[in-house]
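Undergrad: Chains S and B supply the protein sequences, listed in that same order.
Per numbering that gives the first Met the number 0, the first sequence starts with residue 0, numbered consecutively.
Per numbering that gives the first Met the number 0, the second sequence starts with residue 0, numbered consecutively.
Rather than coming from a laboratory, the hints here were simulated on the basis of the structure.
Please note that a few of the clues may not be correct.
If several chains are the same, the list does not tell them apart, and a pair holds so long as it fits within one copy or across any two.
[As the list claims (entries may be wrong)] As a list, the in silico BS3-like pairs of lysine-lysine whose alpha-carbon atoms are at most 27 Å apart: (1) K79 / K94; (2) K281 / K79; (3) K96 / K40; (4) K276 / K79; (5) K40 / K281; (6) K79 / K40; (7) K94 / K276.
2 protein chains.
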Amino acid sequence: MSRTFVIAQGGGPTAVINQTLAGAVIAARRRHGDVRVLGAKHGIRGIAADDFIDLTAFSDGDLMHIANTPNSALGSTRDKPDDAYCGRILEGLRKAKADAFVYIGGNDTAGTLQILDRAAGGPMTFVHAPKTIDNDLAENDHTPGFISAALFVVRAFLSVDLDFRALPGIYVGIVMGRHAGFLTASAAAWRRQAADGPHLVYVPEEPFSVERLVADIHATLDRFGRCVVAMSEGVTVAGGAPLAGHLIPAHRREHDAHGNIQLSGGDLGLALQSRLKEEFPKVRARVDTFGYLPRGFNFRRGAYTIDYESWINPRGRLRRNAPAVVAVAITT
Amino acid sequence: MSRTFVIAQGGGPTAVINQTLAGAVIAARRRHGDVRVLGAKHGIRGIAADDFIDLTAFSDGDLMHIANTPNSALGSTRDKPDDAYCGRILEGLRKAKADAFVYIGGNDTAGTLQILDRAAGGPMTFVHAPKTIDNDLAENDHTPGFISAALFVVRAFLSVDLDFRALPGIYVGIVMGRHAGFLTASAAAWRRQAADGPHLVYVPEEPFSVERLVADIHATLDRFGRCVVAMSEGVTVAGGAPLAGHLIPAHRREHDAHGNIQLSGGDLGLALQSRLKEEFPKVRARVDTFGYLPRGFNFRRGAYTIDYESWINPRGRLRRNAPAVVAVAITT
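Whenever a hint applies, use it, and build me the whole structure from the sequences.
TA: Okay, here's the thing in structure tokens:
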């Protein structure tokens, strides 16, 4: 009997999320010659709207082109389904005769799958293919998306540290990450000596204060004549409130659908820069907010891939150490 | 008779400025076995302070390591010498018994050399080795520094365009460049179809207005459902005033020693983002200010080089098409 798998991508894109997509299709075809794989456009939104791309007939070569392209090729969504929406998604999956739904994404995507699984209450299989730039998924060392984003961050800080050796001053780079500091901490991955930046790293897991930052910068300037700081956009002041909420005037704060303060907009960086200008009037101080740059940055030249995140070898075959989830996706 | 060359780096670093440094030393040694090459630390500041590194004894291998490292290895400066400072620099060059001074940098560096040449009025040779990320040096198609910075910008916009295909909205990336828009324009280098971003590109050479931007974004959203904008930090409103001065409140504006408004601080981006939020309340709108990231970003892995900017082949030999300035530097 022929099988049908639906696959989709949810949440923020990464540089390697299309490798999971291509890997799943290629592996599914290898194991089930007559498999049909339908890609839903913009995640669950496409399932509810009956908006699919049939990936079955794509050649391995075309899939490898997609795999080597950053960001979500099928389109993504941040929709979180309520009961009625759930009903429409399950109806879409049944109409497509899906045996399984593979959803590539992070925490929110996994939560959506759980909601769907409960609502389906039947034989359909829901598979989460993990993706993250935050490295905050439980029961993993890291999952695809983190390394490529970290690679951007560590290269950026290496470069900026050398820049600020040449023309000294204070540099703060603000890195994505609301609750998890792995990506910010990766800024320090290529430090070799005490003098190498980033000299200061602030993550959301530790309480932060501007007073401490100012004191730390003073001490670093005294020691090395420059100061390079890696700061997570999600650093929190005592009591757990985000620094952004603390520093940015109320009328300028933006909130998402869940009531969280939007952190990626540059406001935090600007508020910090004003403060540093007051505290260090004679020192060149610059704050860059990396924003969206780390998450899908395209390092590739032609067929070049970030090989330790590739689950597929250059001939389009699954690597021996490919994560089990790809196999799970096609054996349910 | 043995010769002595002094070499230094001025102005903002780039990803490839050390290739010029290494190329000059290697070529000088090849042509004059007994040459002495002194690197001045932090440009003319090091000459005035008698602060040199003797590069003569560095092995070709060590020089190639330096060549493959982004940002100014000798340190840089933005000092512009007055008469007294000129006197100290010329005294420093005479003490070092310099036959020639090679200064690697952009417009300001060339201006400094002109000042020194006039003040010296003697047999010493002053050579400008061009460097730029702005591509604004006359009588060149491009000079080293532009391509590597442009490579960052075009990759960033390719990535962000794909990101905003996946999760639609408005994205504005603000790129360095006070008077020259080449770097911003390079954002469009990999566009292949009308739907590809950046959909809108604004450079300082053309008058800009926020009203026009808003109208252009409306039209682009109607057509493609998303809008990716590349904007130079130096765009000017009618009459030639920088947009930054126009949008940013007076008490927040920062000026450099020449009275120019500082453009790289993120204020422009934030002011724009507030404005976009008002104009497009229902659309996700994000403004990233690239800041320092493009200019010295380290794309290299191990010995990998941006080969079309490398003047030296992997064996440390000068390429046949190496710019004449390297030869000039060592034959005066």
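Undergrad: Does each hint hold? Answer for all of them.
TA: To see whether the hints hold, each was checked on the structure:
With identical chains, the CA atoms of K79 and K94 are at most 27 Å apart within one copy only, with a shortest distance of 21 Å there and 73 Å across copies. Within a single copy, K281 and K79 get their C-alpha atoms only as close as 49 Å, which misses the 27 Å cut-off; across copies the closest is 18 Å, which meets it. In the homo-oligomer, the alpha carbons of K96 and K40 lie at most 27 Å apart inside one protomer (17 Å), although the nearest pairing across protomers, at 70 Å, exceeds that limit. Taking the shortest alpha-carbon separations for K276 and K79, only the inter-copy value of 24 Å comes in at or below 27 Å, while the best intra-copy value is 42 Å.
In this homomeric assembly, K40 and K281 come within 27 Å of each other (Cα to Cα) only across copies, at 21 Å, whereas the closest approach inside a single copy is 53 Å. Proximity of K79 to K40 under the C-alpha cut-off of 27 Å is restricted to the intra-copy arrangement: shortest distance 15 Å within a copy versus 57 Å between copies. In this homomeric assembly, K94 and K276 never come within 27 Å of each other (Cα to Cα): the closest approach is 60 Å inside a single copy and 40 Å across copies.
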